[in-house]
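All chains should be modelled from the sequences, with the hints used to inform the complete structure.
Here is what each chain is made of, one letter per residue.
There are 2 protein chains.
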Amino acid sequence: MFQQQLRIPGPTPIPERVAEAGRRPMINHRSAPFTRLLGEIIEGIQWAVESKNKVLIFPASGSGGLEAAIVNLLRPGEKALFCSCGAFGARWIQMARRYGVDVVELKIPLGQPVIPEDVQFVLEQDPEISTVYVTHNETSTGIMNPVADIARVVKQKQKLLVLDSVSAAGCVPMPTAPEADVVLSASQKGWMSPPGAAIAVVSAEAMQKAASSRLPRWYLDFSLMAQAQAKGETVTTPPISVLYAMHEALAMMREEGRDEIFLRHAAVAAMTQAGIEALGFALLAQPGYRSRTVTAVLHEGGKEALGQLRSQLMQKGVVVAGGQGELADKLFRIGHLGQVTPADIVSVLCSLEDVLAGGDGMGSGKGVAAARSALAAFTSSPSPTPTQHSRPSRKST
Amino acid sequence: MFQQQLRIPGPTPIPERVAEAGRRPMINHRSAPFTRLLGEIIEGIQWAVESKNKVLIFPASGSGGLEAAIVNLLRPGEKALFCSCGAFGARWIQMARRYGVDVVELKIPLGQPVIPEDVQFVLEQDPEISTVYVTHNETSTGIMNPVADIARVVKQKQKLLVLDSVSAAGCVPMPTAPEADVVLSASQKGWMSPPGAAIAVVSAEAMQKAASSRLPRWYLDFSLMAQAQAKGETVTTPPISVLYAMHEALAMMREEGRDEIFLRHAAVAAMTQAGIEALGFALLAQPGYRSRTVTAVLHEGGKEALGQLRSQLMQKGVVVAGGQGELADKLFRIGHLGQVTPADIVSVLCSLEDVLAGGDGMGSGKGVAAARSALAAFTSSPSPTPTQHSRPSRKST
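Just so you know, the sequences run in chain order A and B.
Take the first sequence: its letters are residues 1 to 397, numbered as in this note's numbering.
Take the second sequence: its letters are residues 1001 to 1397, numbered as in this note's numbering.
These are computed hints drawn from the structure, not numbers from a lab.
Any given hint could be a false lead.
[Claimed, not checked] Chain B side only, calculated, beta carbon under 7 Å to chain A, not exhaustive:
1. Ile-1008
2. Arg-1023
3. Met-1026
4. Glu-1067
5. Arg-1098
6. Tyr-1099
7. Pro-1194
8. Ile-1240
What you are looking at is a predicted structure, and each value in this text was computed from that prediction instead of being measured.
Note that CB positions come from ideal geometry on N, CA and C, so glycine has one too.
The following block contains the structure:
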């Protein structure tokens, strides 16, 4: 078996430097060295998401962060808008209902984005809504929502905005004017580290609401964590090895440069999408809103054929993800975030071509050729952020 | 600076083999290799705690497990007994009150244990109590409670018993007849792994109560995690690097043997306590109930002198913990759990003697001599579990 190339939407591959850092000896988490480590990670995250907001780090997966953004901001029966365009939006709603939140659901068909006009419409219809929850990058469908435009609408209405950027932050530009009130992420995505640390970047307004909100919590409490971090500590034992890794990964990110990271993610996404389409597959996500971190590829052949395709790819060392929920047997997903280069995408497409051609020889070369053209067109473009925030007219459904 | 000898009650030192395992490449957590990894860890934990109960693993610190044992077992206003003998008992009560639990507190003076007679008395006075929460090993005071005897009392009254064994499980024998309904632990303690995985070993009765209990939760939900684990998965992204480490640590534990591990912990505790007392310090914990995993040493000199002592020890490479809460400036704590040998304790005592003697030469040798005597007496004892469950009469307070 070859060394696996892990091309799922997370956990993402760990660079050698980061893995090495992650295995350093444990330290006392109530000590000056830990305080320095935590402080530098917080600064790094602020740099990557272009924010001066408070960064809170919880020992949890990304979903722990999703729950934290509910329990810290709302009271029982409070009305909140959840814009749901896939499995992670649905999960957020399931959580909120368990806590007795009055959920207003803006349900978007799978493969389509949340558009600002719809959010504006709902907010105008229902002025009692206090808080808007949006999945920035819907990992299950490969949709990346136009969050900068959504942020303008939501903040213009003076509502709180929470972004599930678990699989987007650190890979693409975040809304900066206005910012979201809570931006959520997790260590195993763009941050190139093992899973175990949930990140919440929280505005002063959201911290203030957290101080008076009434849903019960302790472990995921923003105020307790902010108080501890103000003293250079965490409330409970932090995931030290994951934080070591993140610290080194952030150093690598600073060396590469923020714009360069964003450009690289845009490029590998364009390559993946062009290459996959050239091989005759259709993409689930609507053009103009396709994710820069994960591509969802429709597969019509049924469960068994899909399983066989993934298995044959794995024999060539390439691991792709299946679908989630109702899409389980209908698509596969290619993650291209964190530690990923154009050459990695060429390698994935080359293996896929080979599998499609029957396995033993080389494939058609069409996917690789299309990806290389996409890269060439891309690197000649003057803008590091093409297409992302354009707004093609929405398909009726 | 020397390589640190980390002698705090957690995180504990990571053995080389375990650190190496922890840095293996990431895998898809929805895959057969992950299913095997998880399954073998669960079997290893069941072996270590001598239980066939369900093992649930959450991406969280130990305190996440403490909260899980509240939100899964109780309904709002339900009456539960919390036996609190230190900072972690107090934390548990704080959590429970936030969730609207009707807390009955059995508050034990610091340095004294929870004894079964007191638990029995409270349960007889207040038959509405459904569930009893006991800190097995109170890390903040160095008390190890007689949990086997407490389990007999609680289960005889047909109440649920929850044990915070975060810093005890895997190091000492657990109650087996009867068992506790929930045993909580965490990866960074006796399991010799980095922090990030919370462990809950849950009885069928507790799982049944969880299915109908009504406190809100999603992230820490026992039923959701049990359903996912039944399919060889976890609900959300698991802390893969920590689980790699635990898997290897459990292999080391099986190689050493369970009784041998328990004996080693008993021996290093006896050595530490004898050595420290021989150097003129007093121990906070009442004799007969002194912890086998952490020793709390009283220090009368005040905050500055205590800080200086810890700092001088650190210059010799030995890291000990300070006190917590109201004990912050009154004691230091030596952790002796997980990766720890008699020679490690001799080394700690030797460094402490040297610091006490002024720093530059060798110390008195009294601590080391006492520790060696304790070890000799210990290894000639026929029983692998001496003194632990004896019940000296309780001091009046």
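Here is how each hint holds up against the structure:
For Ile-1008/B, the shortest C-beta to C-beta distance to chain A is roughly 5 Å, which falls under 7 Å, so the interface hint holds. Restraint check, Arg-1023/B versus chain A: the minimum CB separation of about 4 Å is within 7 Å; hint holds. Because the closest C-beta pair between Met-1026/B and chain A is about 4 Å apart, less than 7 Å, the hint holds. At about 5 Å, the closest approach between the beta carbon of Glu-1067/B and any beta carbon in chain A falls short of 7 Å, and the interface hint on this residue holds.
For Arg-1098/B, the suggested interface contact is upheld, since its CB lies about 5 Å from the closest CB of chain A, less than 7 Å. Because the smallest distance between the Cβ of Tyr-1099/B and any Cβ of chain A comes to about 5 Å, under 7 Å, the interface hint for this residue holds. For the restraint placing Pro-1194/B at the interface with chain A, the shortest Cβ-Cβ distance is roughly 4 Å, inside the 7 Å limit, so the hint holds. Interface hint status for Ile-1240/B: upheld, as the beta-carbon distance to the closest one in chain A is roughly 6 Å, under 7 Å.
In terms of the numbered hints stated before, the structure departs from none.
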